Amino acid sequence: MSTLNLLNPSKDNLQSNLYLGSFLVGISLLDVFLNSFLKLNITYFLPSIISIILPFLLGMFGLHLMRIEFSGIKNLDRLNKNINTNNFNAALTLLIIFLIIKAIPPVMSWMILDANISGDSKDACTGSGACWTYIKVWFKRFMYGMYPNEQIWRVNLAFIFLVVLAFFGFITPQKYRNLLTLYYVVIYPIIAFILIYYLISGGEFGLEWVETGAWGGLSLTFIVSFFSLIFCFPLGMALALGRRTELPIIKYVSVGFIEFWRGVPLITVLFMSSVMFPMFLPEDFFMDKLVRVIIAISLFEAAYVAEVIRGGLQALPRGQYDAAKSLGMGYWKMHIFVILPQALKLVIPGMANTFLALVKDTPLIFVVGLAELAGMLQMAKTNPKWLGYAMEGYVFAAIIFWIICYAMSKYSYNLELKYKTDR
Amino acid sequence: MKLKKILPQLATLFVVVLIFGFFTMNAQLNMENRGIDFGYGFLTQESSFDVQFSLIEYSGSDSYGRAYLVGLLNTLLVSVLGIIICTIIGVIIGIARLSPNYLIRTTAAWYVEFFRNIPLLLQIFFWYYAALRALPLPQDAEAIFGASYLTIKGFYTPSLIWENLDIFIYSVIAAIVAIVFVRTHAKKLRENQGKHLPVLNISIAILFILPLLTFLFGGVSVGYETPELKQLAKTSFKFEGGLSIPPELLSLVIALSLYTATFVAECVRAGIQGVGKGQREAAASIGLNRKQVLNLIIMPQALRIIIPPTTNQYLNLTKNSSLAAAIAYPDLVLVFAGTALMQTGKAIEIVSITMLTYLTLSLSISFFMNWYNAKIAIVEK
Chain B
0 MSTLNLLNPS KDNLQSNLYL GSFLVGISLL DVFLNSFLKL NITYFLPSII SIILPFLLGM
60 FGLHLMRIEF SGIKNLDRLN KNINTNNFNA ALTLLIIFLI IKAIPPVMSW MILDANISGD
120 SKDACTGSGA CWTYIKVWFK RFMYGMYPNE QIWRVNLAFI FLVVLAFFGF ITPQKYRNLL
180 TLYYVVIYPI IAFILIYYLI SGGEFGLEWV ETGAWGGLSL TFIVSFFSLI FCFPLGMALA
240 LGRRTELPII KYVSVGFIEF WRGVPLITVL FMSSVMFPMF LPEDFFMDKL VRVIIAISLF
300 EAAYVAEVIR GGLQALPRGQ YDAAKSLGMG YWKMHIFVIL PQALKLVIPG MANTFLALVK
360 DTPLIFVVGL AELAGMLQMA KTNPKWLGYA MEGYVFAAII FWIICYAMSK YSYNLELKYK
420 TDR
Chain L
0 MKLKKILPQL ATLFVVVLIF GFFTMNAQLN MENRGIDFGY GFLTQESSFD VQFSLIEYSG
60 SDSYGRAYLV GLLNTLLVSV LGIIICTIIG VIIGIARLSP NYLIRTTAAW YVEFFRNIPL
120 LLQIFFWYYA ALRALPLPQD AEAIFGASYL TIKGFYTPSL IWENLDIFIY SVIAAIVAIV
180 FVRTHAKKLR ENQGKHLPVL NISIAILFIL PLLTFLFGGV SVGYETPELK QLAKTSFKFE
240 GGLSIPPELL SLVIALSLYT ATFVAECVRA GIQGVGKGQR EAAASIGLNR KQVLNLIIMP
300 QALRIIIPPT TNQYLNLTKN SSLAAAIAYP DLVLVFAGTA LMQTGKAIEI VSITMLTYLT
360 LSLSISFFMN WYNAKIAIVE K
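Same order as they appear, the protein sequences are chains B and L. Read in numbering that gives the first Met the number 0, the first sequence has 302 at position 303, and its numbers run on one by one without any break. Read in numbering that gives the first Met the number 0, the second sequence has 258 at position 259, and its numbers run on one by one without any break.
Treat the hints with care, as some may be off.
[Stated by the list, open to error] In silico DSSO-like links for lysine-lysine, alpha-carbon gap of 27 angstroms or less:
#1 B/K332 with L/K290
#2 B/K80 with L/K276
#3 L/K4 with B/K80
#4 L/K152 with B/K384
#5 L/K276 with B/K419
#6 L/K290 with B/K324
#7 B/K332 with L/K4
#8 B/K250 with L/K3
#9 L/K4 with B/K324
Keep in mind the hints are simulated off the structure, nothing from the lab. As the structure is a prediction and not an experimental result, all values here were calculated from the model.
Okay, chain L solo, but in the shape it has when bound (with noise of 0.2 angstroms):
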């Protein structure tokens, strides 16, 4: 019997051991032959080559770690951008799939089965090879709102310009510090009182004034800086100034949210589905109204629903972003696993690095959502 149990073990062990056992020889051989030392020495060595966009100061003399934290920092822009938008977007298709309308869910159907089923590779290429392309020259763009323009180019809109704005940011923390303490507060009252407290709108109320106080006493001001039409050559015009987004991760955000969009609203529809048509009847019954239907009995128990497969389509965002390769938008697969693999030559290295930084990543999220999911497990007595 207990043969039984040790020995598939033993097996599984020795095969494991023995597949690394052989790559790391193999590995050791091939380097050996090939004059590559094995080490992370590289990364404090000068870079010496140029990324086209990056959130950081960053140039040819800097170091390898440096691009390294470059491709990073674009990826997660990607990620957040894409993120935001996606959940815009998915909710609003999820609740349309559910309307009355027929016209209108129809639509949304159609929204879902179209993006849902073309390759987001191809989606990226569409909105970077043909429809970005589509758009006009600096010289002939037209403005938006007077000041945007939407060029071959990238996208040129104002900047802001801040004073002092650490306090300012300072301001919107501590604004949700206190959010959060209201909340805490009110959902006391609420177990131990009965009292209603109008939290929503405090909380609006306190997320606005805080910030804005900085404004009249702080110190803290904002001027913005538009973008100017400048002649380079005959034919070359250019925008300089104000915020520009090349059009790599214009297309990139926009494919990614379009395609992810598809499968929020899935998890939105799905959530609110699951929740029975019994306990919107119960809480009719027991009195309360439409809005605190929705806010006490629907949303807490549909958003149980809804939050864990949407966060895993968080997760699957974050690391289709690493397509951006594709259209040569510098993250962190095309600074650090093509560029600098290309000029190191450090393959296991750079490899490794790139695999284990999106493993921490979705492994940090994955913990993240098990520890949610036990905290909102519904505890049967």
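One chain only, chain B, in its complex shape (with noise of 0.2 angstroms):
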């Protein structure tokens, strides 16, 4: 029998190392969990700092003695492999579960266990903790902004009407495919307008006028988006061929466009909508502020759309073009066919991250005096009767800003997988 060799450990004494070395971590574990979920010190009689990094020394220790190579127990080699290759690599492990463990308490308590959300006023937030209720009586104007409380069902009709008829191009027949770009690119577009035009702007058929300056929250966010979304691709694509042509005017028109809108930050874009564009129009026009924010949204991200289009239009080979010229199709023909279906395929990362960019940018249309989500949080916040709640307001706003970005990102990668043609 061999001796026990603390220092070097090896498969020779593997079970007691093994039983040393999780004993330790566990103990370190311990320390750490009691402290931070009961208020417990179990080291307390030690001198505060060695009580400090104490767990830490143990927990090192134990994991030291647990990284022996090719155990044959096939957990622990997948935990060394895994957290535990090195000193160092312990020792990051060692601080995240630490870092974890002394997280939980904290965030628990102020997001719920400390937290109020009964009660319709300020008055009902006793706790220590976040104060819902604050988010339940301003919800609706996140959501709607000041849009007027009995027209909110129009808000919501038009949106469940959106979505039912994006849903179309899922149920199709196979016979009609072939018309859901047209569906997507033309009818779909005009549809939306009308929608929102009739439904939520109203005037007409009975409906309340509803000023676009009413309009806020989420839904301002998302028929934002939405409009810009729908002109910038189009228009991006235009640019891109437009870069790609031969014609010397058309293509140093396209930079020159691409260029300008790609260098300047988009706050200044929408500064030149509200203060500049209108003295370059006739005098008598007049154009609302939300739709010279869309052109103007629409402009700024057109000039991205069409880079990263390009970059599809470029990653494409020679080949695919001499082969559509030399079944005798023209320019036209050549790039719906055979050239767009492929280049589009090739970047929908990138024009999800175009789209995921410009939703996270609507929110500066608040510079312009629009509110949406986070301009109706600053609009809340400095409300004299709910002073002091920022914290939980830009909480919820980022929950539900990462939760639409988020599933946006994961659709994108799969739409990815499924266009994904091996070459």
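Please assemble the complex out of the two chains, which come individually in their own frames, going by the hints.
This is the structure we're talking about:
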């Protein structure tokens, strides 16, 4: 029987090393856990500095003992390979685990245990945690802005219609698939515009007119990003093709357009749309602020879309162009049936990133006085009845935006896998 | 055939000219009607507004031109700080995403997913209105490292007081020049004779020794001034002296660098993954050691992939720094396109100057990038 060598653990003393190691790691985790969840310090008798770093030292030593290569125990090998390859990794592993254990109680108590959600005024918030009452009371404002309460059903109805119509693509029979592009690029935007114009804006069919200044909240985020997205895509495609043609005037106009919009920050573009653009229009010509903002964002994002599509066009091998030309196809036929379908497939990830950026950029419209979700938060935060709940509002908005953006990026990833063709 | 090429171009030209002409005509008419005259003369007029935070001397009696400069410098300050910090965080996170350690890998992945998917404006608001507002008042602040204070009114830390600062800066510049010289010489030596010089050690030595000499012989000396707590009124306290960083700058830099770091991390990860495994194996098989593999084979190829998209991110950070206007940090947009525009009413001039400034910044960086890309592109024979 070989002696137990603690400094150089080997397979000979597998059992004893393993037991001692996991015992030490267990102790260290237990210490941190009790300390964090129950405010107990089981090493209170030691000097404070040692008491703080003791779990770390114990854990390090335990992990060191457990680091036995080719032990033959499947789980231990996996553990060693994944989180315990060397001392440095072991230290980082321990620190991350400690951090998680330490962070859970305060976050939990702030968000759930000590939080309040009942009641409908500031007085209901007595706990030391978050005041979700604030979110509850302001929920309608955060979603619909200053849209009149009794008219909110119109916004809901419009969005339900839009979502239902958008799902047509998934249930169309194979026979009509060819028409889908036409539907999404031309018909759907027109329907969407009519819906929003007559239903949300109103003014006809006995519906009360609601000015765009009253729109706001998350629904405005959706409206702005929806229309900008629809407008920027065809424009971007045209610019990308324009940048790739051999006709010099078209090429340089496209290049100039793209480089200009890509070179300036969105906030200055919005400033331009609100203070400078009216100067460029005839005096009696009035254009709604929301329309100006949507045009500005569309032009801005179109430049980015154009660059993404250009990347896809450039990535296609020359053979594709040559093959299409040798079949006697003209410029438009070649692009519509051969080049663009392949190029657009290639740029799905880049496109998704651009659209994500667009959604994340919409809060900026608050600089021109349109209050979508982030803007409504700023408004609610300064309401004298509800001072001091900024944190709750931002956490709420962050969760909402995070879910939207994360879902979009996951969806684009799925699309990418679905349309992936091997060359 | 020729007509087919000329006609669409003429049509484009016609439309462009038409749009520009329409806008110019309207602008002229509008300005005549409102009695505004077009011109950049206002830049030399007295601005008569104050800016809270500026890197150069500025007061209300200075001109609008100087206000522009103050805003531009503040924008550049935020951008440079943000770029430095986001690079550090981004490189660490990017490498961590490739770690063999499952926990580190996942934590890094969650960091990226978390900060990337929340609008930057919201993050700036969060840091400024929620996180930094939870800091203590000046009188309750506890000292960090004995002399720095993190309070609700900003971060206070001792400032350095230099004597003969210019000599010190010259010595640093001289050191950098010397390092470049040593590097080119070492490269020549390596390529012609196969000799290796310890370039890194020599560079570090030069960088330390030359400035150190100025301390010993050049009359350069450094002192420091600590922030002191002053009582203004019964309950109002304030730190004076030292270096003070306003909370606006603090939250802007934190938010910008945490957000951009996620993109930098992705660039770094893609770059390292983009170097084929075969490269590493080939390098090992010709007998290079680990350090040589990393320095001579992996890094040069990975950097070629990493640098262009990362520069793009730096550019984005610079443009995103214009969000400063949302929390009243006096950057170019707030000072010039905000306050100055409000006072002068010269919408076209001011917005166009602001946009041109950002455009110049972006275009010069993108020209530099094109030049760099062409320079490092692999020339296939």
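Evaluated hints:
1. B/K332 with L/K290: violated (54 angstroms)
2. B/K80 with L/K276: holds (20 angstroms)
3. L/K4 with B/K80: Violated - the C-alpha atoms of B/K80 and L/K4 are around 64 angstroms apart, more than 27 angstroms.
4. L/K152 with B/K384: holds (25 angstroms)
5. L/K276 with B/K419: holds (23 angstroms)
6. L/K290 with B/K324: violated (51 angstroms)
7. B/K332 with L/K4: holds (17 angstroms)
8. B/K250 with L/K3: holds (16 angstroms)
9. L/K4 with B/K324: Roughly 17 angstroms between the alpha carbons, so the hint for L/K4 and B/K324 holds.
Of the numbered hints given earlier, the model fails hints 1, 3 and 6; all others are met.
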